Amino acid sequence: GEDVEQSLFLSVREGDSSVINCTYTDSSSTYLYWYKQEPGAGLQLLTYIFSNMDMKQDQRLTVLLNKKDKHLSLRIADTQTGDSAIYFCAARPNSGNTPLVFGKGTRLSVIA
Amino acid sequence: DVKVTQSSRYLVKRTGEKVFLECVQDMDHENMFWYRQDPGLGLRLIYFSYDVKMKEKGDIPEGYSVSREKKERFSLILESASTNQTSMYLCASFPSGDMNTEAFFGQGTRLTVV
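As you go down the protein sequences, you meet chains V and Y in turn.
Letter by letter, the first sequence follows residues 39 to 150 in my numbering.
Letter by letter, the second sequence follows residues 2 to 115 in my numbering.
It is worth saying that the hints were derived from the structure and are not from the lab.
These numbers were taken from a predicted model, which means no experiment stands behind them.
Listed below are the simulated DSS-like cross-link pairs for lysine-lysine, each with C-alpha atoms no more than 30 Å apart in a straight line:
1) V:74 with Y:14
2) V:108 with Y:58
3) V:74 with Y:72
4) Y:56 with Y:71
Restraint-style ranges between C-beta atoms, simulated for each label pair:
5) V:115 with Y:14: 38 to 46 Å
6) Y:9 with V:57: 33 to 41 Å
7) V:149 with Y:19: 43 to 51 Å
8) V:41 with Y:97: 22 to 30 Å
9) V:106 with Y:15: 46 to 54 Å
10) V:88 with Y:70: 30 to 38 Å
11) Y:19 with V:115: 45 to 53 Å
12) Y:70 with V:54: 45 to 53 Å
13) V:65 with Y:42: 19 to 27 Å
14) V:45 with Y:87: 20 to 28 Å
15) V:113 with Y:14: 39 to 47 Å
If the Cβ cut is set under 8 Å, some of the chain V residues that face chain Y in the computed set are:
16) 46
17) 80
18) 81
19) 83
20) 126
21) 137
22) 138
23) 140
24) 141
25) 142
26) 143
Don't be surprised by glycine CBs; every beta carbon is placed ideally from N, CA and C.
Generate the whole structure from the sequences, applying the supplied hints.
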């Protein structure tokens with residue numbers, strides 16, 4: 039089955055760019071997602087990308103997908119203290135009713 | 002506008018108790034999921050349901066059961082709670098279909114078994 043891996047911690051200075059990386063194993067994964075979890079809260083969808091896209095930009099967020107290497111990254115420009123959270127990469131093999139498979143989450147700490 | 006609601010934010014139960022965690026969604030979604038979240042382990046799928054009265058085991062179903070009697074409600078049951086079931090439990094839902102769909106999450110239930 040699908041396996042999603044991501045580093046557990048990232049620390050950046052306020053105003054710098056953050057890059058969170060993720061790898062997945064199932065090449066049939068059609069949809070790839072980034073979720074954000076703030077302390078004490080559930081998961082909130084940040085952005086997603088279809089497997090036939092290489093890049094998607096949404097304001098300060100840029101998602102890059104290297105389908106050949108099964109590598110996904112999330113770049114946050116001008117990182118703010120409010121961006122401190124856990125970021126989850128998730129893959130959805132095939133389509134339809136398949137459950138999401140999540141990575142372990144990357145805890146982003148933003149230093150003022 | 003709350004879309005997925007979990008009945009409790011915090012719960013403390015004794016070992017051996019039968020525990021019910023309730024999740025309700027108001028979006029008429031067919032698919033509902035229960036995950037548990039533990040530090041360093043991410044989200045692990047316990048059970049999911051494609052439709053009313055249908056259920057499928059996830060990656061870690063042992064010690065849990067589920068009930069889906071109505072489309073909007075998906076209950077997670079701990080038959081006999083144990084301390085290793087102390088965790089954050091997250092419910093999610095999304096609709097069927099091939100189009101990209103966002104999974105909506107509840108706010109989570111932090112369960113402590115003592």
